[in-house]
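Modelling step: build the complete structure from the supplied sequences, incorporating the hints.
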Amino acid sequence: MYKNFLRYLISAFFLLGLGTSANAEFKVGFVYVGPTGDHGWTYQHHEGRNAVEAAGIKTTFVESVPEGADAERVIRQLAQSGHDLIFTTSFGYMDPTNKVAKDFPNVKFEHATGYKREHSNVSTYSARFYEGRTLLGHIAGKMTKTNTIGYIASFPIPEVIRGINAMTLAAQKVNPNIKTKIVWVFTWYDPGKEAEAAQALIDQGADIIMQHTDSTAPVQTAEKAGVWSFGQASDMQRFAPKSILTSIIDDWAPYYVERAIAARDGTWGQQDTWHGLKEGMVAMAPYNSEMGADLVKEVEQLQKDLASGKAHSFTGPIYDQKGNMLVAEGKVADDGMLAGMSVYVKGVEGDIPK
Amino acid sequence: MSLDISFIGILIGSIMASSVPLILAASGELITERSGVLNLGVEGMMIIGAISGFALMVITDNLFIAIVGSMLSGVIISLIFGFLTQSLLTNHVATGLALTIFGIGLSAMLGKNYVGIPGKEFPVLFSGLKESIPFFGPILFGHSVVLYFAFALPFLTNYFLKKTKLGLVVRAVGDSPVSASNQGINVILVRYCCILYGGAMCGLAGAYLSLIYTPQWIENMTAGRGWIALALVVFATWSPIKVLIGALIFGGITILQLHMQAIGFRIPVQFLSALPYLMTIIVLVVISRDSRKIKLNTPTSLGRIFYKEK
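Quick mapping for you: the protein sequence lines, in order, are chains L and V.
My numbering numbers the first residue of the first sequence as 920 and each following residue consecutively.
My numbering numbers the first residue of the second sequence as 631 and each following residue consecutively.
Treat the hints with care, since some could be wrong.
Computed cross-link-like contacts, DSS-like style, restricted to lysine-lysine with a CA-CA straight-line distance of at most 30 Å [unchecked claim]:
| id | chain 1 | residue 1 | chain 2 | residue 2 |
| --- | --- | --- | --- | --- |
| 1 | L | 1161 | V | 760 |
| 2 | L | 1018 | L | 1064 |
| 3 | V | 750 | L | 1064 |
Simulated from the structure, these hints should not be mistaken for laboratory data.
Spelled out as structure tokens, the structure:
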């Protein structure tokens, strides 16, 4: 009896050894919320994956994974099938990622744009898109004739609200009469609906369109209507060559390569990364010459100042819609406040959906 | 907000443009269902039409070929459905669902090389009159030829079903295939034709999205419109005119709720987003509560497999 038990134990040891040696090849998995062909958010993450692959590391990806129960299944599946590092690239994957991470302590997880790191094998990362929004706001404030900026928003989460606020603050600074009109579409990706939202905003007098959704439909609608627009996540210039003033570009590639190599070499540790213009995780596409040389120069200077830390997107005094002070004069908002931002600043119209 | 009369004209114009894919797909599916075939593959056929139309536009640089090609692609993919359900007698529901999944996957694969290519401007008719006549201009003029076709289609469909002999044949096949067969009608052939016609209309609906409405190819760009078209057919109790009304209400409320947000109405946005679905159902249920008419319009043998005993 005792002998048998020992035999089992030994064979189990062997099996375990075999098991790990069979899975020795290092693999990275990616979970995307949209199709890799969205030419926006997911497209840029996929470019990052391509860079990891080019660095000689094996990767797999699953695209168009809905945020919710399906996400957990997909993440679990990737963890089970021998992936050592898994990037989950949408806000809505936050809870599923942490849930799966608990059951797979040896697998490392990287969740984009979230704030929950409930287990030591979960890191979070995001880009300071709001720095890009500040530049867009500056340009919008200068370029608008109707003083109305149309903003297509996806879901009422801090990241989206932060973008709206950063843009509005920057626009107000150069044009105090500015109004930001917001339409919530409650989707990251529905070209038809995004186009309709853009058209509604244009019909309501907006002559600048920007969006926090993932497709190129809004810029095309703007092009058709002859108003200005901005690209989101990737350079969308060729979809609206006349209308686009610039695009915010998310560049995940360096981060993905760095983290994949760290995980492979065993130097990976839990961290919360929030990179911006300075590190290049947020970049700007070339500025449209229609802006005029002076404005381009101004914006380029602001871009440099934001990167060097000389300027900050949320510099006080900042008030909320009711007039309560959020950031005192001469202070800048700290990262904790930015990460949990859930109120509009003064000058934004309407309420945040609850 | 300027609530003047010309603004309302522009608004109605954009509502019409947004309801076109629903009208086309639902009108096509209506004929298919009236012949007793339930094809849940609308979304799949639409997306195939969208990619085929866009790819042909890029390859041939000819919008006419692109439009015709998109309809042909719808015909081809619905032929698969027809063969499976009519010749091999598979279950309609399962086959239709498979068709949708297949269509979405296939279109993504075919479309890999067409992502990121901007579309071409689609010509509109009477654009001069659109500007010069207030209110009626933006409603009646300055649309693509597909839109005019879409708005004529429900009336043509109605006429076809009610006034022509062929329409009677289609209805007979849908209501009682056994009796129709005994009358010497080739039930399978009629159903094949109706399936292919439905496929062509769904293909056109998809091409409207990728060539005219948002001229570009992006994966999954139909974003569930096929399912809405399917629901419209049922809630409109298989009446072509009610399909048109339903599609206009759906498109109208979708666009109105976006405007209400932009104006800043203090109504919860989630409620506004649900409004199109809610209102369409309520209105269609109210206008089609005549049970005698429902019985008259409902294809009794919908979704049932028919085979001729030899």
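Hints and how they fare:
no. : hint              : result
1   : L:1161 <-> V:760  : holds, 23 Å
2   : L:1018 <-> L:1064 : violated, 50 Å
3   : V:750 <-> L:1064  : holds, 28 Å
Checked against the numbered hints listed earlier, the structure breaks hint 2 alone; every other hint is satisfied.
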